[in-house]
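Chains as they are written, first to last, in our numbering: chain A, 1 to 394; chain B, 1 to 137.
In short, the hints are calculated from the structure, not lab data.
Be aware that a few hints might be false.
What the hints assert, rightly or not - Ranges between beta-carbon positions, derived for each pair: (1) B:P12 x A:T262: 45 to 55 Å; (2) B:P76 x A:P307: 42 to 52 Å; (3) B:R8 x A:E316: 41 to 51 Å.
Stated by the list, open to error - Covered, in the sense of this in silico footprint (three residues per stretch, anywhere, with C-beta under 8 Å from a C-beta of chain A), are these stretches of chain B: (4) 33-45; (5) 51-61; (6) 83-93.
Glycine included, every Cβ here is placed at the ideal spot set by N, Cα and C.
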Amino acid sequence: MAQERAAAIVGIHEYPLRVAPGVSAMNVKVDSIRAALDDAGLKWSDIDAIYDAQDGEAGGGLQLAAYLGLRPTVLDTTQVGGSSYEFQAAHAMRDIAAGKCNVAVLSYGSTSASNRVAIGTGGRGGPATWATNMEAPFGATLIANYAMVKQRHQFEYGTTDEQFAGISVATRHHAMRNPEAVKAMTDLQFVGVNEITPQDVLDSRIVADPLHLLECCMISDGGGALIIASADVARDCKKPPVWLIGGGEGTKYRENGGDITTSAGAQSGPIAFAEAGVTPDEIDIAMIYDSFTITVAVCLEDLGFCPKGEVGAYVEGGRLAFDSGEGPALNTDGGGLSSNHPGMRGIFLLLESARQLRGESTSQVPDAQLAVAHGNGGLLGGTHTGGTVILAKD
Amino acid sequence: MANRPQPRFPEPHTEPFWEGAQQGELRYQKCNDCDDVVFYPRHHCPACGCNNLDWHVSAGEGTVYTFSVVRQNRMPGFIDLGAYSVAYIDLDEGFRMMSSVVGVDNPTEDIHIGQRVRVEFEDQEEGDYPIPVFRPI
């Protein structure tokens with residue numbers, strides 16, 4: 001492999017609680033940053049770059065540096081929803097390679113569950129725009145937007161509900177091995193904290209046709225942080241570096257005559273794989289934003305794991321389970337479907353990728369060498385972004 | 001009577017569209033330079049970047065591209081509506097708009113992709129703007 005190894009994830013932390021009343025989002029961010037620095041063996045003052053999705057009570061970005069008490073020489077406030085962290089990791093990789101910084105921090109904190117934020121079924125506020133004025137009268141919830149993609153995928157390619165359900169089954173299988181995910185499902189009062197079958201998914205209520213409840217991610221509190229460092233710094237850190245070897249960005253939106261079953265991943269994926277010099281069939285770990293089953297299905301196709309329209313047959317037989325022996329292993333932390341989803345899940349895709357490539361996952365794939373983290377931000381059936389990052393074991 | 005959220009103004013891009021709705025017209029834009037059909041309303045043509053656009057009136061007929069039936073919505077105006085549809089409609093003039101398919105007994109059973117539909121302007125309990133929705137032809 002001829003890829004460049006200039007930047008690596010050297011420190012990680014995932015905030016353990018999914019229901020954390022009385023804790024602020026800023027607390028979650030700061031506690032996570034401190035723990036990620038400890039994990040790396042670095043200190044507060046080593047941080048010289050902040051990447052922030054403008055979350056937290058202070059509004060992030062400019063405010064975050066002041067809150068932390070740092071004077072970063074790189075400040076990147078990329079906010080593209082749940083894919084923000086994949087965009088930021090790619091930017092950090094680029095900035096470190098260019099010599100602009102050495103120790104970058106990405107952080108996330110959210111109290112969506114404690115604040116009772118109805119992410120999937122509530123309305124969207126904010127000022128009137130050229131887009132909201134054309135959509136608000138129709139009551140399209142976030143879930144309905146994704147449901148429209150599933151409806152079209154089933155119409156065009158004959159993908160069955162049972163095939164989609166296989167995605168929920170795999171992530172639950174992984175969640176049951178992850179104590180933090182089990183606690184999350186318990187604290188959030190899931191009806192059954194246990195392994196599930198495709199029939200369980202089909203028997204769960206429809207939230208927006210044709211999406212069943214068990215095809216939808218949870219709403220939790222949570223957050224985390226990760227430290228990305230230059231090769232020089234990474235050499236002296238406590239844990240083996242997890243190299244960032246490719247990044248890609250893409251956008252997609254409603255267009256006249258457009259194909260709703262193709263996501264921004266069709267743009268970002270090939271760019272990232274080309275930079276990394278690897279192909280999808282070499283990937284051991286697929287961390288793909290599972291806001292809903294349909295998100296994973298479409299993104300597996302768009303990233304090149306299988307041709308467009310064939311994801312149903314591809315996932316049939318349980319290949320996405322970490323112990324299937326086939327791979328790629330999907331969302332081995334339990335994913336948004338069964339571990340956590342505070343609103344922007346992209347950071348957890350990178351955290352679990354790093355755990356797998358260090359050998360620290362609760363659903364560890366033996367000798368995992370390569371991971372892809374693919375975030376999808378915004379609305380899959382409307383305007384959204386895709387960020388793809390390829391990671392390699394040291 | 002329906003009580004959907006109203007468009008809000010000032011919002012210069014979409015004002016002509018909603019003035020059209022008040023007159024029973026489903027309006028869309030076309031680029032005079034490159035012929036691209038422009039929707040949602042904008043001040044420029046996203047295909048060529050020019051600002052030489054004109055408004056046209058659609059015949060109001062199209063097909064259902066995809067849809068969902070919403071069973072749970074906490075927004076005012078929708079909480080008490082029961083199951084209702086949200087759909088992307090491909091109008092015959094070549095633009096795709098979000099709307100709702102109405103006038104069916106059971107939205108889950110009676111709406112399907114490829115179905116032919118025609119626009120109608122649904123008066124609202126509150127507000128000055130009727131909302132363009134679609135009914136199977």
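Evaluated hints:
Taking the beta carbon of each, B:P12 and A:T262 are about 32 Å apart, not inside 45 to 55 Å as hinted. Under the hint 42 to 52 Å, the C-beta atoms of B:P76 and A:P307, about 44 Å apart, fit the expected range. Between B:R8 and A:E316 the beta carbon distance is about 47 Å. The supplied range of 41 to 51 Å therefore holds. Residues of the region 33-45 of chain B with a Cβ under 8 Å from some Cβ of chain A number 5, which satisfies the need for three, so the listed coverage holds.
With 0 residues carrying a beta carbon less than 8 Å from a beta carbon of chain A, the region 51-61 of chain B misses the three-residue requirement, and the given coverage is violated. Check on the region 83-93 of chain B: 5 of its residues sit with their Cβ under 8 Å from a Cβ of chain A, so the three-residue criterion for coverage holds.
The structure fails to meet hints 1, 5 from the earlier list, while all remaining hints are met.
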